[in-house]
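Novice: Next come the chains, spelled out residue by residue.
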Amino acid sequence: MDSNSTLKAELKRLSRELASHKIELHQTRGYLHSILQNSTDMIFATEVTGILISFSKGAEKALGYSVEEIIGRSIEELAEDRHGFHHVMATCEEQGCAMAPDIYFRDKEGKRVHCHASLMSLTNRDGQRVGTVGVCRDITQWKKLQDDLVQVDRLAEMGRIAAGVAHELNNPMAVISEASGWAEMVIKDAKGLSHEDRQELEDVIKKISAQTRRCRNVTHKLLDFVRDSAPTKTEFDIHTLIKETIDFLKPELKHTPIEIHLNFAGEPLPVTSDPKLLEQVFVNFITNAIHAVLEKQGNQGRIEIGTTKADSQVEIRITDNGGGIPKEAREEIFELFYTTKPPGKGTGLGLPICRNIVGNLGGKITLDSEVGVGTTFTIQIPIS
Amino acid sequence: MTDQPNIRVLLVDDEETLLEYLSKRLLKLGFTVKATFSGEQAIEVAKQDHYDVAVVDLKMPGIDGVETQKQLRQIQPFLQCIVLTGHGSIESALESGQEDAFQYLLKPVDHDDLVAAIKEAHKKKLEVQDAKFREQLDEIHKSGLGAHGMRKAIADLRKIYGLE
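Taken in sequence, the protein lines are chains A and B.
The first sequence begins at 1 in the numbering used here and counts up one residue at a time.
The second sequence begins at 1001 in the numbering used here and counts up one residue at a time.
Derived from the structure by calculation, the hints contain no laboratory data.
Note that this is a predicted model, so its numbers are computed, not measured.
Hints should not be assumed to be uniformly reliable.
DSS-like cross-link-like pairs, simulated, lysine-lysine; straight-line CA separation at most 30 Å [as the list claims (entries may be wrong)]:
1. Lys-206(A) to Lys-1119(B)
2. Lys-1034(B) to Lys-1132(B)
3. Lys-1024(B) to Lys-1070(B)
4. Lys-1034(B) to Lys-1047(B)
5. Lys-143(A) to Lys-111(A)
6. Lys-1047(B) to Lys-233(A)
7. Lys-207(A) to Lys-1028(B)
8. Lys-207(A) to Lys-1124(B)
9. Lys-341(A) to Lys-296(A)
10. Lys-254(A) to Lys-243(A)
11. Lys-206(A) to Lys-1034(B)
12. Lys-191(A) to Lys-1034(B)
13. Lys-221(A) to Lys-1119(B)
14. Lys-1024(B) to Lys-1119(B)
15. Lys-1119(B) to Lys-188(A)
16. Lys-1070(B) to Lys-206(A)
17. Lys-1132(B) to Lys-1152(B)
18. Lys-276(A) to Lys-1059(B)
19. Lys-1159(B) to Lys-1034(B)
20. Lys-1142(B) to Lys-1119(B)
21. Lys-276(A) to Lys-243(A)
22. Lys-188(A) to Lys-1028(B)
23. Lys-1132(B) to Lys-207(A)
24. Lys-1119(B) to Lys-1059(B)
25. Lys-1034(B) to Lys-188(A)
26. Lys-1024(B) to Lys-188(A)
27. Lys-1152(B) to Lys-206(A)
28. Lys-57(A) to Lys-191(A)
29. Lys-144(A) to Lys-108(A)
30. Lys-1059(B) to Lys-221(A)
31. Lys-1028(B) to Lys-191(A)
32. Lys-191(A) to Lys-1152(B)
33. Lys-1119(B) to Lys-1034(B)
Model the full assembly from the supplied sequences, consistent with the hints where possible.
Specialist: Okay, here's the thing in structure tokens:
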């Protein structure tokens, strides 16, 4: 009787314990499941031989395989360098864990996925190794970002060098300008010069000062462009700013078959905004238009810049007859580091920065494009 | 040949060729011009003679343009400085603004713009100087000095203001 009741009590205790373990197990499972479902890292588990037995959602996303497709295959198959990956697995087997900061996997489409991997041995209660667990972080974007930053830094450095060169040129140009000004005075006072000689000398001096002014416009404009300045709001004529921007880009347009047409809505069109920032936006869009036109070979290039005033807004349209932008890329072009230019040519920063600037000025950018026909970017900004 | 009031201009720039032609042109227009090729030299010169306007480069070996302006204005408080530089940056523009530069011009400057700036600076100098002169004159009148004392005080003032 006694032992019976003791047994019963013991059984009760055990079932309670079991129930609580079950709950714990359930919670732990739920916890693991949610990690595997939600982590953006690739988390996988393999048997001792390297055959995959678990594959997280993050892994599915990074490599493009579904769990069903991948379970039962060897993890080493996915690595670009199987031999190297095998070596890492072997190290893990030997030491219980292993790190590989630069492992390349191939996704389902064969694209390279750059990963930082850490592997751990999975052991049973007896301490025997039953498999491997791996956590890999896809660092492809991060690596690209690093490369892009190097490129951006290089461009910024080039900007600084250009500004330095402009500064250096200003001094000798000032000398030329003063010397020719003095020569003009001397000629004016000179006695005994024939009419023709005087005429010719005056002509020469005029040419020197005109050309010096031309150089000065270039260096001053360049310095103005690279100079950091606090955002300001002033009233200015948007048409004048557009014309000045085109002047600034004249060197880009030289020896190209591109014609720029202006289609302005009455003159002038005053707005209160930040002329420096807007100039940067115009430089960007016009340069992009020039490139678009030049890329389409055998093209009689045409860029049209039009303005319209509507209520409290000014609309500036920059239309090119380049190759156009395919539908699927129309949103992407505003993303950071999106570029169609070959490596080292474009940063993929121009348009996102422009969108940012225009947004900060209270306006917006829209585009209209047809492949093979051309693109129109429309910039809307408030009049004040 | 000239319709300029006698404006005394002090030029400070280490680019000697530039100053050679710039001073010739300004002289021909009727300005009184002194060319100096360093901040140090300009400061020495300013201790000897009065000037209305100084045209100062920013980047020079030795004392730079900002410091030169500061010291020039200690010697001649009414002197107006125009910064004329090829090495323009917004930072140094702001800095020279703190030193009360009358205007900031980037080389190569349009000659007419420079001449206009010098005339404007001269006008400002006269205004500031006249206001101060009258204020001090007033003080002398109120001070109850005798005729002799007053004459001496006014003579001293004239000397300070370079009006001899």
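Novice: Against this structure, judge whether each hint is valid.
Specialist: How the hints compare with the structure:
For the hint pairing Lys-206(A) with Lys-1119(B), the CA-to-CA distance comes to about 25 Å; that is within 30 Å, so the pair holds. Between the alpha carbons of Lys-1034(B) and Lys-1132(B) the distance comes to roughly 26 Å, so the proposed pair stays at or under 30 Å and holds. Simply put, Lys-1024(B) and Lys-1070(B) have alpha-carbon atoms about 27 Å apart, close enough for the 30 Å limit, and the pair holds. Annotation: proposed proximity of Lys-1034(B) to Lys-1047(B) holds, straight-line Cα distance about 13 Å (limit 30 Å).
With a CA separation close to 15 Å, the supplied pair Lys-143(A) and Lys-111(A) stays within the 30 Å bound. Only pairs whose Cα atoms come within 30 Å are accepted, and Lys-1047(B) paired with Lys-233(A) is rejected, the gap being roughly 44 Å. For the suggested pair Lys-207(A) and Lys-1028(B), the alpha carbons sit about 22 Å apart, so the restraint of at most 30 Å is met. At roughly 36 Å between alpha-carbon atoms, Lys-207(A) and Lys-1124(B) are farther apart than 30 Å, so this suggested pair is violated.
Between the alpha carbons of Lys-341(A) and Lys-296(A) the distance comes to roughly 14 Å, so the proposed pair stays at or under 30 Å and holds. Taking the CA atoms of Lys-254(A) and Lys-243(A), the gap is near 16 Å; set against the 30 Å cutoff, the hint holds. This hinted pair checks out: Lys-206(A) and Lys-1034(B) have alpha carbons roughly 28 Å apart, not beyond 30 Å. Between Lys-191(A) and Lys-1034(B), the direct Cα distance comes to roughly 28 Å. Compliance with the 30 Å bound is thereby established for this hinted pair.
Our distance criterion of 30 Å between C-alpha atoms is met by Lys-221(A) and Lys-1119(B), whose separation comes to about 27 Å. A distance of roughly 17 Å separates the Cα atoms of Lys-1024(B) and Lys-1119(B); the hinted pair therefore holds under the 30 Å criterion. The suggested pairing of Lys-1119(B) with Lys-188(A) holds, with an alpha-carbon distance near 24 Å, which does not exceed 30 Å. Taking the CA atoms of Lys-1070(B) and Lys-206(A), the gap is about 38 Å. The hint is violated against a cut of 30 Å.
For the hint linking Lys-1132(B) to Lys-1152(B), the alpha-carbon distance of about 18 Å falls within 30 Å, and the restraint holds. With a C-alpha separation of about 26 Å, the suggested pairing of Lys-276(A) with Lys-1059(B) holds against the 30 Å cut-off. A hinted pair counts as satisfied when its Cα atoms are at most 30 Å apart, and Lys-1159(B) with Lys-1034(B) qualifies at roughly 20 Å. About 34 Å separates the Cα atoms of Lys-1142(B) and Lys-1119(B), which puts this hinted pair outside 30 Å; it is violated.
With a C-alpha separation of about 14 Å, the suggested pair Lys-276(A) and Lys-243(A) falls inside the 30 Å cut-off, and the hint holds. The hinted pair formed by Lys-188(A) and Lys-1028(B) meets the criterion: a straight-line CA distance of about 12 Å does not exceed 30 Å. Restraint check for Lys-1132(B) and Lys-207(A): the C-alpha separation of about 47 Å exceeds 30 Å, so the hint is violated. A hinted pair counts as satisfied when its Cα atoms are at most 30 Å apart, and Lys-1119(B) with Lys-1059(B) qualifies at roughly 24 Å.
Of the pairs offered as hints, the one joining Lys-1034(B) and Lys-188(A) holds, with about 24 Å between alpha carbons and a cut-off of 30 Å not exceeded. Restraint check for Lys-1024(B) and Lys-188(A): the C-alpha separation of about 14 Å stays at or below 30 Å, so the hint holds. At roughly 55 Å between alpha-carbon atoms, Lys-1152(B) and Lys-206(A) are farther apart than 30 Å, so this suggested pair is violated. Simply put, Lys-57(A) and Lys-191(A) have alpha-carbon atoms about 93 Å apart, too far for the 30 Å limit, and the pair is violated.
Proximity of Lys-144(A) to Lys-108(A) is assessed by CA-CA distance (about 20 Å); at most 30 Å being required, the pair is judged to hold. Between Lys-1059(B) and Lys-221(A) the CA atoms are separated by roughly 21 Å; this keeps the pair inside 30 Å, and the hint holds. A threshold of 30 Å between alpha carbons decides the hint, and for Lys-1028(B) with Lys-191(A) the separation of about 17 Å falls inside it, so the pair holds. Annotation: proposed proximity of Lys-191(A) to Lys-1152(B) is violated, straight-line Cα distance about 52 Å (limit 30 Å).
Between the alpha carbons of Lys-1119(B) and Lys-1034(B) the distance comes to roughly 16 Å, so the proposed pair stays at or under 30 Å and holds.
Checked against the numbered hints given earlier, this structure breaks hints 6, 8, 16, 20, 23, 27, 28 and 32; the rest are met.
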